[in-house]
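With these hints in hand, go ahead and build the complete structure from the sequences.
There are 2 protein chains.
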Amino acid sequence: MVKYPTGSAVPYRASAPKDRGFWKKAGKRASFSDRGMTLEQQINESNQYYLNKAVAVVHKKPTPIQIVKVDYPKRSKAVIREAYFRQASTTDYNGVYRGYYLDFEAKETQNKTSFPLKNFHEHQIVHLHQCLQQDGICFAIIGFMTLERYFVTPATFLIKCWNDWQKNGKSSMSLEEIEANSIEIKSGFRPALPYIDAVDQIIADRNKQ
Amino acid sequence: MVKYPTGSAVPYRASAPKDRGFWKKAGKRASFSDRGMTLEQQINESNQYYLNKAVAVVHKKPTPIQIVKVDYPKRSKAVIREAYFRQASTTDYNGVYRGYYLDFEAKETQNKTSFPLKNFHEHQIVHLHQCLQQDGICFAIIGFMTLERYFVTPATFLIKCWNDWQKNGKSSMSLEEIEANSIEIKSGFRPALPYIDAVDQIIADRNKQ
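Those sequence lines, one after another, are chains Y and L. Reminder that position 45 of the first sequence reads as 45 in UniProt numbering, one-by-one numbering, no gaps. Reminder that position 197 of the second sequence reads as 197 in UniProt numbering, one-by-one numbering, no gaps.
There may be inaccurate statements among the hints.
Remember, identical chains collapse to one label, so a pair may be satisfied in a single copy or spanning two.
What the hints assert, rightly or not - Calculated pairs, DSBU-like style, for lysine-lysine (alpha carbon to alpha carbon, straight line, at most 35 Å): (1) K61 with K118; (2) K186 with K170; (3) K167 with K77; (4) K60 with K186; (5) K107 with K186; (6) K167 with K53; (7) K167 with K186; (8) K107 with K74; (9) K74 with K60; (10) K160 with K77; (11) K118 with K74.
For the record, the hints were derived by calculation from the structure and aren't laboratory data. Predicted, not measured: the structure shown is a model, and the values here were computed from it.
Written as C-alpha cells, this is what we have:
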C-alpha cells in the first residue's frame with residue numbers, strides 16, 4: 001500500500017521574506033480570514049488542503065537556480081557555495097484536478113484600483129498561451145492585499161490585456177475590468193483560498209461553449 | 001500578439017555532471033541515435049522539440065533548494081552563498097498534452113537485465129498515485145543506457161511493483177517484466193525520445209476501458 005505523508009499544515013510564514021518590515025506589515029492587515037498570510041502562503045496552504053483531501057494535486061515549482069560551486073564537507077551534507085537566480089520559463093503553479101491540467105501564476109498588489117501588467121513577465125504570458133493551446137485550464141490569481149480581495153482571472157482575458165498593452169500602451173487592468181472578467185474568491189479558513197471553486201466555474205463555462 | 005522565444009535547441013551537454021569521466025563514458029556509448037546524451041538530456045531536448053512544434057508543453061521542474069544566505073553585491077547580480085539541496089515532493093516532469101495532464105519521472109540504469117526499484121523515492125511513487133487518482137497520465141521513462149533501450153512504463157505497473165517490494169521484498173523489475181508492461185520507444189533524431197507516441201497509446205488504452 002502506498003503510504004501517505006502525514007498531512008501537516010504548511011507553516012504560515014515559513015517562506016516570508018527576510019524583510020524587517022514584514023511582520024509589521026503582515027500584522028497590519030491580519031484578519032480572521034487571511035490571518036496575515038501572503039498570497040503565496042494562502043495558495044500553498046490551500047494546495048496542501050486540496051492534496052490532503054484528494055481534491056487536486058497542485059504544487060508550487062521551485063525557484064530555478066544556476067549552481068556554480070558545491071562543497072561536500074565530510075560527515076555533513078552538501079553545501080551550495082555559489083549559485084545564481086535564473087529566470088523561470090513557466091508559471092509558478094501547475095497540477096491536475098479531475099483530469100484537467102491546471103496552470104497559474106499568483107500576483108499580489110498593494111494597489112486599490114488597478115493591477116499593473118508589468119507584474120507579469122512575458123515568458124509567463126507566453127507559457128499560459130502555450131498551455132491554453134493544449135486545452136489546459138490557465139489563469140492568474142490576483143490578490144488586492146489592501147482590499148483583501150482575490151480574483152481568479154482566466155488567462156484568455158489576461159493575454160488580451162497584455163496584447164492591448166503592447167498595441168495601445170494600456171499598462172494596467174482596472175479593478176472594474178478585473179471584476180467584470182474574473183471570478184472573485186473569498187479568503188477563508190480551510191482552504192485559505194478556495195480557488196478550485198473558480199476552476200469549476202471556468203470548466204463549466206468552457207464546456208458550455 | 002504573444003511573441004514566442006526563438007526555438008533554439010537545448011545544448012546537449014549543458015547539464016552534464018562535472019565529472020571528468022563523463023565525456024569518456026558518453027563517448028563510449030555514443031551512437032547515431034542517442035548521440036551520447038544522458039536520459040535527462042534526451043528528454044529535455046524532446047520537450048523543447050514538442051514545445052516548438054506546439055505538440056505538448058512539458059518542463060522539467062527545477063531542483064528544490066533551501067536558500068540560507070544571499071549576497072547582493074553592488075552593480076552585479078545576487079549571489080547565493082549558502083544553500084542546501086532539499087528533497088523534492090513530486091516527480092521531475094509534468095505538463096499538458098491535448099488537455100491531458102502528464103506526470104513522469106525519468107530514471108536511467110547501466111544494468112542490463114533488471115531495474116532496481118530503490119532508484120525511485122517513495123515520495124515519487126506517492127505523487128504518481130495521487131496524480132493517477134486525479135486522472136493524470138502518469139508513467140516513468142526507464143532508460144537501459146548500456147542496451148540503448150527506453151521504456152515508457154505506466155505508473156499503475158510501477159506502483160504495483162513498488163507494493164510487491166514492500167510486501168514480498170522483490171526489489172527490482174526484470175527487463176522481461178518491463179518489456180511486457182511498458183511501451184518501448186526508440187531513441188531517434190527529432191525528437192530524441194518520442195515519448196508522446198507512447199502517451200498516445202496509454203490514452204487509447206485508457207479510453208478503451
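Okay, the hints, checked on the actual structure:
no.: 1; hint: K61 with K118; result: both (21 Å within a copy, 25 Å between copies)
no.: 2; hint: K186 with K170; result: within (28 Å within a copy, 50 Å between copies)
no.: 3; hint: K167 with K77; result: between (52 Å within a copy, 32 Å between copies)
no.: 4; hint: K60 with K186; result: both (21 Å within a copy, 33 Å between copies)
no.: 5; hint: K107 with K186; result: within (16 Å within a copy, 42 Å between copies)
no.: 6; hint: K167 with K53; result: between (44 Å within a copy, 27 Å between copies)
no.: 7; hint: K167 with K186; result: within (34 Å within a copy, 46 Å between copies)
no.: 8; hint: K107 with K74; result: between (42 Å within a copy, 28 Å between copies)
no.: 9; hint: K74 with K60; result: both (32 Å within a copy, 31 Å between copies)
no.: 10; hint: K160 with K77; result: between (48 Å within a copy, 33 Å between copies)
no.: 11; hint: K118 with K74; result: between (46 Å within a copy, 25 Å between copies)
Every hint from the earlier list agrees with this structure, and none is contradicted.
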